[in-house]
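Asker: Taking the numbering used here, the leading residue of the sequence shown gets 15, the next gets one more, and so forth.
Source of the hints: derived by calculation from the structure; they are not laboratory data.
Just so you know, not all the hints are guaranteed correct.
[Claimed, not checked] Here are the in silico distance ranges between beta carbons for each label pair:
#	residue 1	residue 2	range
1	V28	A58	17 to 23 Å
2	G22	K82	37 to 43 Å
3	E31	E55	23 to 29 Å
[Unchecked claim] Using 30 Å as the maximum straight-line C-alpha spacing, the simulated DSSO-like pairs for lysine-lysine come out as follows:
#	residue 1	residue 2
4	K25	K35
5	K19	K100
6	K100	K74
7	K35	K72
8	K72	K94
9	K46	K23
10	K35	K100
11	K46	K25
12	K29	K72
13	K82	K72
14	K46	K29
15	K35	K74
This structure is a prediction, so every number in the text was calculated from the model and none was measured.
Built from N, CA and C at the ideal position, the CB exists for glycine as well.
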Amino acid sequence: GEYQKWDGKAKVWVKDEAAEKAAQLRQAEETKNRLLQIASEKIAPLQDAVDLDEATDKEKASLLAWRKYRVQVNRVDTLKPVWPEKPASSL
15 GEYQKWDGKA KVWVKDEAAE KAAQLRQAEE TKNRLLQIAS EKIAPLQDAV
65 DLDEATDKEK ASLLAWRKYR VQVNRVDTLK PVWPEKPASS L
């Protein structure tokens, strides 16, 4: 497997669980950062429309959904990640 280390005493390859867990954590952190970036990119123009008092009801609902999603992603425990579902793209 990908996460193997040599056990010199037993003279066999064994699974390196620490390396595997570190890689999984690193991947989860990268995923979390990427999802937060996506949410922020979706939120910015919607927030602009609200701030300028030009948002449609659909845009207001989309903004709320994306902001809730961003909070949910931010709360994900990267040791045991369970990712929330992205809001439907209604725009």
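Asker: Are the hints correct? Go through all of them and say.
Answerer: Cross-check of the supplied hints:
1. V28 <-> A58: 17 to 23 Å: At roughly 48 Å between Cβ atoms, A58 and V28 fall outside 17 to 23 Å, so the hint is violated.
2. G22 <-> K82: 37 to 43 Å: For K82 against G22, whose Cβ atoms are near 52 Å apart, the range 37 to 43 Å is violated.
3. E31 <-> E55: 23 to 29 Å: Roughly 36 Å apart at Cβ, these two residues miss the hinted range, so it is violated.
4. K25 <-> K35: holds (23 Å)
5. K19 <-> K100: Roughly 38 Å between the alpha carbons, so the hint for K19 and K100 is violated.
6. K100 <-> K74: holds (16 Å)
7. K35 <-> K72: violated (42 Å)
8. K72 <-> K94: Violated - the C-alpha atoms of K94 and K72 are around 34 Å apart, more than 30 Å.
9. K46 <-> K23: violated (39 Å)
10. K35 <-> K100: holds (26 Å)
11. K46 <-> K25: violated (39 Å)
12. K29 <-> K72: violated (51 Å)
13. K82 <-> K72: Status holds; Cα separation ~15 Å.
14. K46 <-> K29: Given pair K46, K29 holds - Cα atoms ~27 Å apart, limit 30 Å.
15. K35 <-> K74: violated (40 Å)
Hint violations for this structure: numbers 1, 2, 3, 5, 7, 8, 9, 11, 12 and 15, all remaining hints satisfied.
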